[in-house]
Structure formats: structure tokens, C-alpha cells
Amino acid sequence: MAAPRSSVDPPFRKRLPRAAKRAQVKVFVEETLKKGVRGLVAEFKSMKRMNDFTKMTEFLAQTQQGRNRYKDVGCLDNDRVVLKIGPVSYIHANYVSTPMSPKRFICTQKAKKCAEYFPTQEGPPLVFEGNVSVQLKKQDPFPFPFETKVKIMVRQLEVSVPDQPVHTCTHYHWMDWPDRGVPEADLAPIALLSRLKECTTPIIVHCSAGIGRTGSIVLIEHAMELLHQPAPLLEISGYLTELRKQRNNSIQTEHQYLYIHQVLLVYLKKTKFLDDSVTPYLEAFTKEYVAATKGF
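At position 176 of the sequence shown the residue is numbered 176 (UniProt numbering), and the sequence of numbers has no breaks.
A hint or two may mislead.
[As the list claims (entries may be wrong)] Pairs of lysine-lysine residues, derived as BS3-like cross-links and limited to a Cα-Cα distance of at most 27 angstroms, are as follows:
#	residue 1	residue 2
1	K149	K272
2	K197	K151
3	K149	K270
4	K110	K137
5	K55	K245
6	K35	K48
7	K149	K269
8	K245	K71
9	K269	K26
10	K26	K272
11	K294	K151
12	K137	K149
13	K287	K34
14	K245	K110
Just so you know, the hints here were simulated from the structure itself, not pulled from any lab data.
From just these sequences and the hints, can you work out the full model?
Right, here's the structure in full:
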């Protein structure tokens, strides 16, 4: 993996004329600030989460076998990940596309809360059913190029499966993102995602249910890839609708929905996408955001 950049601002943006940068994000910025926090909350609540079990036949079958963590968090048949190793091919996971890749992510659930699937200390490996072993080779805090309260641990894991080549995995563990809540809205998720830009294989993202915090990261990456092209950044509601067609019920709470918008606004201000005239409206939005998400 390439060494981290000293900034979350890719070089190409410095070559874009300022007017072009502002035009690129015009719709997103204007609609976000016009709706405000209350409008975005109402918008999110109007996008009802539901399970169409006619499109989740394998999920229903595997629920009876105890292979789904939650009975009300369905897994769509389309884009479902099919395991090719082991006696069971099912896992509650879906491929998810972004503007740059049809299979950019695999969104999935964590194992049971009491089950550790990787060691947190160097030493003997953890061994699982089927003689699958996972060994920690190295771990370090994520090297953020700015001050942040976010804590991410980077681990190098070595995974051994019988009759398969040894696989090395880089594991990023966001340690303090609360379940159904949000961390401080700074550039931490964008710095994390910038480390993964060179990855050409699907990136596994999971949380508890695999839709809330996971979906937040995926939508931020979707927006960032549009900026990379560069392509217009429109309203997040449209991108969420498309995401839910691949990973059902992505984004669980209004606070997560607000967090995505706030992180992107912070980034756009930092990277000079916003005109100075927007500053008072941005400050008002941020004040509302902080009040709405306090304690979550």
C-alpha cells in the first residue's frame, strides 16, 4: 500500500479553476444549506427503510439456520457475495458500486459481539472452524496528517486457510464510532479513504449490522469519487436511494445522514470549493448540526 499523503487534497484539485470547483458542487451545497438540518432530517425520514423479502430469498432461508445477525436487517439476493471456500456459501454481504468501480466495496455484518475475529496482540494466531488462522503481524495508530479525536488502529493480519495461499490483510479499526451515533465531523473519514485509493480489489467494510456506519463510509467515498472525476456532486438522497438497491436499508439514523453532509461541507470549505459568501450559511448549518447530534 502506498504511503499516506500529507494532505487529503489530491493534486489535481489545485489545477482546477476556482470557478469550476464551485460549479462542480453547486447543487449539493445550495440544496444542503437551503434544506438545513431540519429539512435533511425530514428528507431522511421520508426515505422509509423496508425489507422486500421477495428479493431476499437466501436471507430468509439462512435466517432459519442462524446465519443472520438480525432478522429485520435483510440481505438482497442481487449483488450478494457468494463464498467459494468452506461448506457454506452464504454470508450477509453485498457488493456495492461507486462511480469508479462496480465492486468497490463489500458491505457486511460483524460477527457476534462476543466473538473476536482477529487478535489484538502479536503472538499466537487465533484459530477458527475449518483450521482457519488469523495472526497479527503489526499494529500502529492511523497516521492522521491533522489533529483529530478519532482513533483508528491499522493492523497487518496474516490469514491462513488450508490448501490456499497465505493472505495478508490490512485492517483499519475505527475504535470510537458509536453504534447508531456519529463521531466528530472532521476530515478523518476522508483521510482514511484516501489511504485506500490505490486498492483495486473490493474493500470490506463492516460495523454491527453492516448498514449504518458502513453505509456512511460508502456514501462519503461515493461523493469523493465524483469530485475526483471531476463530476457534479448532487443531492445525497439520490445516491442513498441507489445504495439501498445494493445494500438494503443503508444509513440507519438521521444523525448518520447529517454526518455525511457535514463531513463533505467541512472538506469543501477546507479545499476552497466554497465561496466566502457561503461562510455565514455554513456556520449556521454547522451550529444546527452540532445541536442536533449532541450526545449521539
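Against the structure, the hints:
Distance restraint check for K149 and K272: the Cα-Cα separation of roughly 24 angstroms lies within the 27 angstroms cut-off, and the hinted pair is therefore satisfied. This hinted pair checks out: K197 and K151 have alpha carbons roughly 20 angstroms apart, not beyond 27 angstroms. As the CA atoms of K149 and K270 are separated by approximately 18 angstroms, the hinted pair is consistent with the 27 angstroms bound. Among the hinted pairs, K110 with K137 is consistent with the structure: their alpha-carbon atoms are about 22 angstroms apart, no more than 27 angstroms.
Under the criterion of a C-alpha separation no larger than 27 angstroms, the hint pairing K55 with K245 is consistent with the structure, at around 10 angstroms. Restraint check: the Cα-Cα separation between K35 and K48 comes to about 19 angstroms, which is no more than 27 angstroms; the hinted pair holds. Between the alpha carbons of K149 and K269 the distance comes to roughly 20 angstroms, so the proposed pair stays at or under 27 angstroms and holds. This hinted pair checks out: K245 and K71 have alpha carbons roughly 19 angstroms apart, not beyond 27 angstroms.
The straight-line distance between the Cα atoms of K269 and K26 is roughly 13 angstroms, inside the 27 angstroms bound, and the hint therefore holds. Distance restraint check for K26 and K272: the Cα-Cα separation of roughly 13 angstroms lies within the 27 angstroms cut-off, and the hinted pair is therefore satisfied. Of the supplied pair hints, the one linking K294 and K151 holds, its CA atoms being roughly 19 angstroms apart against a limit of 27 angstroms. With a CA separation close to 26 angstroms, the supplied pair K137 and K149 stays within the 27 angstroms bound.
Restraint check for K287 and K34: satisfied, since their Cα atoms lie roughly 15 angstroms apart, inside the 27 angstroms limit. Proposed proximity of K245 and K110 is supported: the alpha carbons are some 21 angstroms apart, at most 27 angstroms.
Of the numbered hints listed earlier, not one is contradicted by the structure.
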